[in-house]
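In order, the protein sequences belong to chains A and B.
Position 79, counted from 1, in the first sequence is what numbering that gives the first Met the number 0 calls 78; the numbers after and before it change by one each time, with no gaps.
Position 120, counted from 1, in the second sequence is what numbering that gives the first Met the number 0 calls 119; the numbers after and before it change by one each time, with no gaps.
The hints are simulated quantities; they were obtained by calculation from the structure and are not laboratory data.
Model, not experiment: these values are computed from the prediction.
This list has only true hints and no planted wrong ones.
Only part of the chain A face toward chain B is listed, based on derived beta-carbon distances under 8 Å: (1) Pro39; (2) Asp40; (3) Asp44; (4) Ala59; (5) Ala61; (6) Ala63; (7) Trp66; (8) Thr67; (9) Asp108.
Computed far set for chain B versus chain A, every beta-carbon distance over 12 Å: (10) Thr35; (11) Gly52; (12) Asp53; (13) Ala54; (14) Pro71; (15) Pro93; (16) Arg94; (17) Arg96; (18) Thr97; (19) Gly121; (20) Tyr122; (21) Thr136; (22) Val143; (23) Asn145.
Going by beta-carbon spacing under 10 Å, a handful of chain A positions derived as facing chain B: (24) Ala37; (25) Leu54; (26) Ile57; (27) Leu62.
Beta carbons are placed, not taken as given, at the ideal position from N, Cα and C, and that holds for glycine.
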Amino acid sequence: MRRSMQVIRQVLTHPLFLRATGIVVGGVFVYASLDKIARPDRFADIVHDYQMLPLLFINAFALAMPWTEITTGAALILGVWRRGAGLLAMALTVAFLVAIAQAEIRGLDIECGCFDVSGMSSTEASWDLFLRDIPLLLGAALVWRKG
Amino acid sequence: MLALGVGAIYNAANPLGIPWLPSSGNRVGIPRAFETRLPQIDAAQAQTLYETGDALFVDSRDAPDYAEDHIPDAINLPMRKWGKLWPKVESQLPRDRTLILYCYGAHCGLSTRQGKALLEEGYDKVLVLDYGWETWTKHGYPTVKNPAGGKG
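So here's chain B without its partners, still in its complex pose (with noise of 0.2 Å):
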């Protein structure tokens, strides 16, 4: 009990703490101090954005996925191979245009930790399109499809 209440404290004052509860729209992992700096946008607010070209959609699934379909112009940053993958793509990836991050679906976890990191490389123009892939296929909105398929 000594211990939990240390580490409550230590929580409370380290500035990458994380709340003890999700964070809003049900998101874990974020530390305070990111939660309002990483945004959550709907995939209507997505599409508006990717019609005005404002946008760069990055995809952080994993690439034979990205290679089946993905959302038309987005650059593929598969999350689980970040730590090998960044120091290759840091000078390539605008600081400029609003990035918009997208996974799965509900709470794949995949975009909202790439928008971690690049919060933490110094990017500030980060959105997360809540619900990823799934809302925007659920939408009907465009996507490129490989016929051959990525997956083999």
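This is chain A alone, in the form it adopts within the complex (with noise of 0.2 Å):
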């Protein structure tokens, strides 16, 4: 058991799987940001359906999310300021989870935002997405403390 741990440590500690870890997140984040990115306005419905945010800043939020996920995801896909990206794509995916968890709460019939906010093909906010996130939030974290 004890050698087991060892070998898991190990394996989450290597500079390559930091290295690995970090391109998937990084990844994870840049593409979820091209569609916001392309389509404001749409994301930034998306943002008011979630019931989260006074009317003033949607607008805003709707602006600045996507290059701050895009800038996050470079910078672990880069490999440079690897803690600082870490810690804001922990932040994010925690916003991310609380945001999913209170639509789901309230019983919000909504779509996610995640990737594509065209309401062509994309997901519903659901518990189903919060566990999917999960996967997300424990890449960043590993990034942040072993980075």
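The two chains are supplied separately, each in an independent frame; assemble them into the complex guided by the hints.
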């Protein structure tokens, strides 16, 4: 048991594994930002649906958030400012988790807005999605702690 | 900060860019290019258009709410199902009539979003009823109530 824990620890903290994790997590963030950057109006609609922000801040949030995502993702992929980018990735993922959870608890029937904001192929905010975000959070946490 | 600066420049150049603050009428997510093309009207203006028969009301709310009660002759195009719904209704929605879109009430957003979608599809006579269903019923204007209710 002790030996297997040691092996897992060695794998998780191996520079190559950390690098790969950064690339995967960063790739997810960059991919997720592209549609939002192209269509800030539709992303603003989705932010509005989540009913978490006052109207005054929705447009500004919809404009700023995707650029924060793409910068964080690019930093993780390139391996620069790794700890800062890891921390930001964690913060963003926690924000996504809180948004999805509150939407589910309040029974809001809304699109996720995670990767696609067109409404043509997007998924609904749900507990499944919440669970799918957990590995992203763990990956970001790993890069932050050990990166 | 640099990324936000790049984002601001990109948004200024993007034809579908949005203002940093809500548009007039506290509307969010309206591209600058659409701001003047998607006017809001009040209940009295909508009622006038209703009486003249010049306009077609489009109910953007969910189907059960439409089934329960709606503006007479309004058609229901639930915006939350738009992606799946639009290909089926595209050929049936007239392009020569003024469309008045409404949803639940203050800043519900569905009718404005539907307005944007219709503008992108080439519809140019699109109006949004400000405060939607809420203001229509508050003024006591006619509705079609389903005695059985829509929500079961």
